[in-house]
Amino acid sequence: MSEEQSFLERLQARGAARHAEPTWIAARRQAGAARFEALGFPTKRDEQWKYTDVRRISQGNFALADNADFSPGQAAALTLPLAAAIRLTFVDGLFSAELSDLAALPAGATVEPLSQALSDNHEAVGGVLGRLTGVDFSPFAALNTAFSEEGAVIRLAPGTVVETPIVVQFLSRANAAPVMSHPRVLIQAGARSEATVIEHFVGEADAGNFTNVVAEALLERGAILTHYNLQEAPLGDLLVTSLQVDQGRDSRFTSFNVNLGGALVRNDLVSELNAEGAEAHFYGLFYAQGRQHVDNHTLVNHNAPHTISNENYKGILDDRARGVFNGKVIVKRDSQKIEADQSNANLLLSDRAEIDTKPELEIYADDVKCSHGATTGQLDEEAVFALRTRGLDEQTARGLLTLAFAGEVMDRVTLDAVAERVERAVAGKLPERFNLTGLVEVATLEQGHAKEAGEHDRDG
Amino acid sequence: MLEVKDLHVTVEGKEILKGLSLTIQSGEVHAIMGPNGAGKSTLSAVIAGKDGYEVTAGTITFEGRDVLEMEIEERAQAGLLMGFQYPVEIPGVKNIYLLKAALNAQREARGENEIPAPEFMKLVKEKLAYMKMDSSFLQRAVNEGFSGGEKKRNEILQMLILEPKLAMLDEIDSGLDIDAMKIVADGVNSLRSAERAILMVTHYQRLLDYITPDKVHVLVDGRIVKSGGKELALELESRGYEWVVEESAA
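Those protein sequence lines, which keep their order, are chains X and D. Quick note: the first sequence uses the numbering used here, first residue 34, plus one each step. Quick note: the second sequence uses the numbering used here, first residue 7, plus one each step.
So that you can see chain X by itself, here it is in the shape it has in the complex:
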């Protein structure tokens, strides 16, 4: 039996056990299955998967979870410590009402599990789902379409501003046998609406599950969406995610893609800048150690003039970890006066770590401002020495410099909880990084006289 067949059999068994579904959902499932069967799992011969071997997924035997039990105490320890959050929690793909909290939801915003959204609001939700990411996007999107039962639907009415972050939390359990899940995320941001959505992947240390998420976001005119893909998946987990964003006029999309966990991770991030004034900002940080493999593919389509994209990914690879960055920017004919900047810098902390980086620009317009570049380097040993001569131990010095490398990206992160998770993963616990701003402010306020003296003598 082929690898694909074993997944399809699993699908059939699931179908037989499930309550009857509306015809259109069944038809969509079938289309997904057919497309998946035709495409098959990607191999290294596929340009898009050249550096990423998915056999750990294709040769795996993954069941589907049948309950969402998770101890609340343990969940709380894994949950991102935010002052306030609107939270949907999924355990191995299944919705957990117990671990979710929608109390802070303001009027005009809807946050609900997909199953509920489909049963309550068939047409509005079902009609949109899959419009951006169809079964042709990738074999994994097709597989997701065939299996998908649950997920998160976030809808913002025009003008709705949600100040509390919306967290979609995916918990992975250490099951006796590995499971898979195929969640969907749909974000519909109405005109001038504003929200922060955090997809957070985390779980029990010994888990080894396969999670295959397809997310779609539609930003109408003037909508502002900040999206975090915070991946702290257990080190045995296999994680494939995609997010496609459809951007209307003057909309602004900011992505923070932070990969800290997972044995095998593949992320696809796509922005369609469809109308003037649309902006996409992609910030990425991937940190991999041991034998982790992290593959980030991004694509920005400048489909309209006067659109802006800006991308900065930082990779930090230790031990025998392997990273892939493939960032593509396409400027369509007639998309004049666009700006596109892209950069990827990588830090190799070990001789055996590896990065494959490929920034790509395709420009079919003639009046554009574009830049791209990639660099790869190592820690500056002179700087390590300099810090140690000031009394910092070697581990702290290296951690600090590693974190500093990520600074350009992490300085953009306004959620301290995310920054702290990154710091802990990348640098270990550093002394008091988060109380410095206050100190400096105090110094700045009371330092008028020194300022004057300093300015006279800056070039001394």
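By construction, these hints were calculated from the structure, which means they are not laboratory data. Accuracy of the hints is not assured; some may be wrong.
As the list claims (entries may be wrong) - Calculated Cβ distances over 10 Å to all of chain D for the following chain X residues: (1) 46; (2) 59; (3) 101; (4) 112; (5) 114; (6) 132; (7) 141; (8) 149; (9) 156; (10) 207; (11) 209; (12) 224; (13) 372; (14) 437; (15) 452; (16) 455.
Unchecked claim - Across the chosen pairs, the derived CB separations fall in these ranges: (17) X:457 x D:77: 19 to 27 Å; (18) X:324 x D:199: 52 to 60 Å; (19) D:61 x X:76: 53 to 61 Å.
Stated by the list, open to error - From chain X, some residues computed to sit far from chain D (all C-beta separations above 10 Å): (20) 97; (21) 107; (22) 113; (23) 343; (24) 458.
Glycine included, every Cβ here is placed at the ideal spot set by N, Cα and C.
Mind docking chain D on chain X? Use the hints.
Here is chain D on its own, set in the frame of chain X:
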């Protein structure tokens, strides 16, 4: 306080220091002078613990401890602090962070608690003003985009805050105009105390017009060939190094 005995150091197979001996007592300010290539920077690099310097013979002891057995950071924590000729830029690490982390590392090594924030800021503000540095320096990444003079002042600022027992200053005067030189010299002079020693390595006598040494040593070809008081520096200034070289060869 510091005792260097018959120190032999090779760099990439080549012997640079060939039996250097030096004793520094607390309260003293020493200047090591010498022509280029004599091994001046090698001495401070070895004391600080830089990689790539092989000690083939001799000892360095600091307050009775074997310096060569200490980690780089242990040397700093024990009060042996080096001011670099070319301070390294450390992008992404703020000055304020380095100052606080360094001070607390030292306190921790002495078994003391972390410095309370208000006390720390008071200290930093006072020393910044002394070095005529803007408080915006605190927010800037260590030495990044600093002019040569700013980098040197930043080194002295670190000294003023960390209060080493032995401050080693490697060519601290290089690249300074006269105003910056005065500020740096003021900073160094303020470090002078009965409990502290200062070791300056310099090519030029000029610095010694502002920081008067108690002892001057002439380093030639890996050895200290002549030692004397501050008048020796003046003599070197007027007569050059050749006569010392000839005298030592004779």
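Quick rundown of the hints versus the structure:
no.	hint	verdict
1	46	holds (52 Å)
2	59	holds (53 Å)
3	101	holds (41 Å)
4	112	holds (29 Å)
5	114	holds (23 Å)
6	132	holds (37 Å)
7	141	holds (39 Å)
8	149	holds (45 Å)
9	156	holds (50 Å)
10	207	holds (36 Å)
11	209	holds (44 Å)
12	224	holds (39 Å)
13	372	holds (25 Å)
14	437	violated (3 Å)
15	452	holds (13 Å)
16	455	holds (13 Å)
17	X:457 x D:77: 19 to 27 Å	holds (25 Å)
18	X:324 x D:199: 52 to 60 Å	holds (55 Å)
19	D:61 x X:76: 53 to 61 Å	holds (56 Å)
20	97	holds (44 Å)
21	107	holds (33 Å)
22	113	holds (24 Å)
23	343	holds (19 Å)
24	458	holds (17 Å)
Hint check: a violation occurs at hint 14 only; the rest are consistent with the structure.
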